[in-house]
Amino acid sequence: MPRRSGRVALVGRPNVGKSTLLNAALGHPLAIVSPMPQTTRDAILGIVHHGPAEIALLDTPGLHRPRTELGRVMNQAAREAARSADVIVFVTEAPDPARLPRRVKEDEEGPPLAPHPGDLTLLADLGSEAPVVFVLNKVDRMRDKALLLPLLDAFAKLREFAAIVPISALREDGVQRVLDEVAKLCPERDWGFAPDELTDRPTRFFAAEYVREQILRATKAEVPHASAVQIERYVEPTGAGALHIDATIHVERPGQKKILIGAGAEQLKRIGTEARLRIEELVGRQVNLKLWVRVTPEWRESLQQLEELGYNKGETS
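Per my numbering, residue 1105 is the first one in the sequence shown, and the count goes up by one each step.
Because the hints were derived from the structure by calculation, they are not lab data. Wrong hints could be hidden among the right ones.
Said to hold, decoys possible - Label pairs and their computed distance ranges (CB to CB): (1) E1276 x F1309: 21 to 27 Å; (2) H1220 x P1156: 31 to 37 Å; (3) E1402 x R1247: 42 to 48 Å.
Each residue gets a CB set at the ideal place from its N, CA and C atoms; glycine is no exception.
Start from the sequences, fold in the hints, and give me the full structure.
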């Protein structure tokens, strides 16, 4: 059987489960996830070897209406990933039943579920060059799966999809079928990565991401969106010693710095401890992680600051 290899972009609105799908496909929690929209800021590549196919999955930032220069850079990264892909996996989500209109009577049928307006816009923007696999995620939300049939039918009428796959990425249900469909669409070519390679990103990139993940989990309101993590020092030992990492967390206002540090610096200690454990799981050795918090006003609006923080380099892998 000939080998296949392809770049596959995961595209969709924020918070539809693209990163969860990537992690489920890899069998490893590589990408950070949180309930917070715009958690993913960079296109992150994860490599899956599925039968004769090498699938280079690109988890992209959720396409949204940007309010900052950072948001525009994130949208640019997502669109560039889609343009360079051999296959596109368009991910959307089943609606949350709690947000659906309550029916007057239990036996009274409401209007059929319809595509989200944001999905209509994104699908119209996708080119016709690469085949598109449509994935409806979070189907476990709906007890009565028959309610999803009109929604799937409505999407099928919008454009021609190579396949339509309902899944629950969180429960790892249907993920293998997504990979089956994608594998068939990848071009016939030799593999470009070793069978045990997980990503092309350096470990220091994920060290910063795992610190940011803990900020997302520990704080609310404006702090997660206003924070960025910069690795200042990254020293790998020659023997079996510890990996040393110094990182600066940038925020935009003194009040955000105060929240991040917390009373007696307890909040920052918790963030550091949880991030260190995540990094140790990735690198398989002890890690010494030191964190500082610095106020960098309006860093999200400065192209120079974004470039220094690694967000404006035009990279998609």
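Consistency of beta-carbon spacing, R1247 to E1402, with hint 42 to 48 Å: The hint (42 to 48 Å, Cβ to Cβ) holds, given that E1402 and R1247 are roughly 46 Å apart.
Distance restraint evaluation - H1220, P1156, Cβ atoms, bounds 31 to 37 Å: Once the Cβ atoms are compared, 36 Å apart, the range 31 to 37 Å for P1156 and H1220 holds.
Range hint compliance [Cβ, E1276 to F1309, 21 to 27 Å]: 25 Å, holds
The structure is consistent with each of the numbered hints, conforming to all of them.
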